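Chain B: place on chain A using the hints.
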Amino acid sequence: MASYSTNEFKAGLKVMLDNDPCAIIENEFVKPGKGQAFNRVKIRNLKTGRVIERTFKSGESLEGADVVDVEMQYLYNDGQFRHFMVPDTFEQYQTDEKIVGEAGKWLKDQDTCTVTLWNDAPLAISPPNFVDLAITETDPGVRGDTSGGGGKPATLETGAVVRVPLFVQIGEVIKVDTRTGEYVSRVKE
Amino acid sequence: MLLDWRPTCAIELMRLRAQMLSEIRQFFAERSVLEVETPLLSHSIGTDPQLAFFTTEYCLSPLRQTLFLQTSPEFAMKRLLAAGSGSIYQIGKAFRNGESGRFHNPEFTMLEWYRVGFTLPQLMDEIAELIAGLFSGQPLQETQRVSYQEIFGSFTGLDPLVFSYQDYCAFAREFQLSEAVAICGHDHAVWLDFIFSHKVQPHLGDNALCMVYGYPACQSSLARINEQCSLITDRVELFINGIELGNGYYELVDADEQSKRFNKELVIRQQQKLAVSVKDKRLVSALESGLPECSGVAIGLDRLLMLLSGSESIEDVLSFPIHRA
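Those protein sequence lines, which keep their order, are chains A and B.
All residue numbers for the first sequence refer to the numbering used here, where the first residue is 1 and numbers rise by one.
All residue numbers for the second sequence refer to the numbering used here, where the first residue is 1001 and numbers rise by one.
Looking at chain A on its own, in the form it has when it is part of the complex (with noise of 0.2 angstroms):
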């Protein structure tokens, strides 16, 4: 793998870190006018989530790491494991729990997805920014209301609980936004 140096470290950059693959958010170039220059760096931890702030002498310079983000079919869980298909090659991948993380409540079988690969393992997995799931339990909601105020939980199919208006109803297929688990809307089969 190439090394980058401080002058390359841009936003989205993949460098190892404490021999961990880590993202580079924000670099900024701090050099007293007669003094030593150096690079103050934002940079996650891909394998924690963890976002840490790590100086480094400018000129210094980090090794890349093997990081990409491929758009993987979600097979199936089989109790233990979740597998992952690349459409184009069929080929496969599977990953545990620790890894999926929250994204699972958004996993439904056949969906695409971005697994991000290091060194060619699942190293995290990202689901789609919207998904379209069916409520598989909620209260009978009141017809009439439809402005949306209040709202009740609702599981679906994936089981993640949601927010959602109280005129949704059990077997309807709804829109959310995966970022925040927010109800977007109702989806017309």
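If you're looking for bench data, these hints aren't it; they were derived computationally from the structure.
Predicted model only: the values in this text are computed from it and were never measured.
A virtual CB, placed ideally from N, CA and C, is assigned to each residue, including glycine.
It is possible that some hints are incorrect.
[As the list claims (entries may be wrong)] Think about it this way: if two alpha-carbon atoms lie no more than 35 angstroms apart in a straight line, the pair counts; the simulated DSBU-like pairs of lysine-lysine are:
no., chain 1, residue 1, chain 2, residue 2
1, A, 10, B, 1273
2, A, 42, A, 57
3, A, 10, B, 1199
4, A, 57, B, 1093
5, B, 1260, A, 10
6, A, 57, B, 1273
7, A, 10, A, 34
8, A, 42, B, 1279
[Claimed, not checked] Per the computed footprint, the stretches of chain A lying under chain B, defined by three or more beta-carbons under 8 angstroms from a beta-carbon of chain B, are:
no., stretch
9, 34-47
10, 54-68
11, 117-126
Just chain B now, with coordinates in the frame of chain A:
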């Protein structure tokens, strides 16, 4: 069609820049300080290991010479002072290689002035007057003057004048800056740069001009060592809202001492395998012939304009930053 032919600053900023320049010229005209121009291209260049310079080639067949773009007009202006110019100022471009960021562009505009017969406190008074005038539309809080030792101590509990490796390391570890230990090693000056820029500078000059004086002797650059205390140097730095704006000295007039400092820096440059710089012998000669007692300061005008306009990045005040130049 490419869109990057456009300037990165708003037209309004160009007007504000023009107004700032005219107010500065007015300020010095009222005080009978002479405006001068000195070359950007020169045969010699500063030896400061922390300043990287641009090199170019002068071809006048069959002559081929290396020339340097100046990192500041300091040496040439001191030669004018030694020649009897009296108090002078200059508004011009300065070049520093490898400096690019939110507060840096490798080519920038500098205001530099020298006051013959002024001590550093006298020059600080004049700096405060100039800044107050420029900010008259959006007045600043009262100017603060504080010694380096006091301000460094108040934010860190450390003594900047006496290097204690253990204390400095313990401080870095306590404040999640443990990378400092590897970066700074046993170099007192680098430790001070690291701690000052991370833990002190961001707090300086909250909507006010803050002048920090009495820098540790290891960061004396071209300033005189203080007469009462050899641990400090007669150097002042200016800050507003945590941004470094300028740097002033009670100027070193001792030719031998100047020559020694140049030689020391040349050795450091060699050890660190930095670009070879050419010591300014004409400056040393000028000092030998006699530089009048004076104080001088340089202010980065692009950063000043950032502060006057509330801009977040130097690009917002430049017509064409380096990537569009």
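Checklist entry - Taken at face value, is the distance from the CA of residue 1273 of chain B to the CA of residue 57 of chain A at most 35 angstroms? => result Answer holds: residue 57 of chain A to residue 1273 of chain B is near 16 angstroms, not above 35 angstroms.
Item to check | Restraint check for residue 57 of chain A with residue 1093 of chain B, where alpha carbons must lie at most 35 angstroms apart | outcome: Since the Cα atoms of residue 57 of chain A and residue 1093 of chain B sit roughly 27 angstroms apart, the hinted pair holds (cutoff 35 angstroms).
Item to check | Proposed proximity, residue 10 of chain A with residue 1260 of chain B (alpha carbon, max 35 angstroms) | outcome: Distance of about 41 angstroms is beyond 35 angstroms: violated.
Item to check | Pair hint residue 10 of chain A and residue 1273 of chain B, alpha-carbon separation not exceeding 35 angstroms | outcome: Satisfied, since the Cα-Cα distance of roughly 27 angstroms is no more than 35 angstroms.
Checklist entry - For the pair supplied as a hint, residue 10 of chain A and residue 1199 of chain B, is the alpha-carbon distance within the 35 angstroms limit? => result Between residue 10 of chain A and residue 1199 of chain B the Cα gap is close to 24 angstroms, so the pair holds against 35 angstroms.
Checklist entry - Mind checking, does the stretch 34-47 of chain A have 3 or more residues with a CB under 8 angstroms from chain B? => result holds (count 6)
Item to check | Outcome, coverage hint (the stretch 54-68 of chain A, chain B; C-beta under 8 angstroms; three residues) | outcome: holds (count 5)
Checklist entry - Is the straight-line distance between the alpha-carbon of residue 42 of chain A and that of residue 57 of chain A 35 angstroms or less? => result holds, 14 angstroms
Checklist entry - Quick one, are residue 42 of chain A and residue 1279 of chain B close enough, alpha carbons at most 35 angstroms? => result With a Cα-Cα distance of about 39 angstroms, the restraint between residue 42 of chain A and residue 1279 of chain B is violated, given a limit of 35 angstroms.
Next on the checklist: Tell me if the straight-line CA distance from residue 10 of chain A to residue 34 of chain A falls inside 35 angstroms.
Outcome noted: holds, 26 angstroms
Next on the checklist: Taking 8 angstroms as the Cβ threshold, is the statement that the stretch 117-126 of chain A is covered by chain B upheld or broken by the three-residue rule?
Outcome noted: With 0 residues in contact (Cβ-Cβ under 8 angstroms with chain B), the coverage given for the stretch 117-126 of chain A is violated.
When held up to the earlier numbered hints, the structure conflicts with 5, 8 and 11 and fits the remainder.
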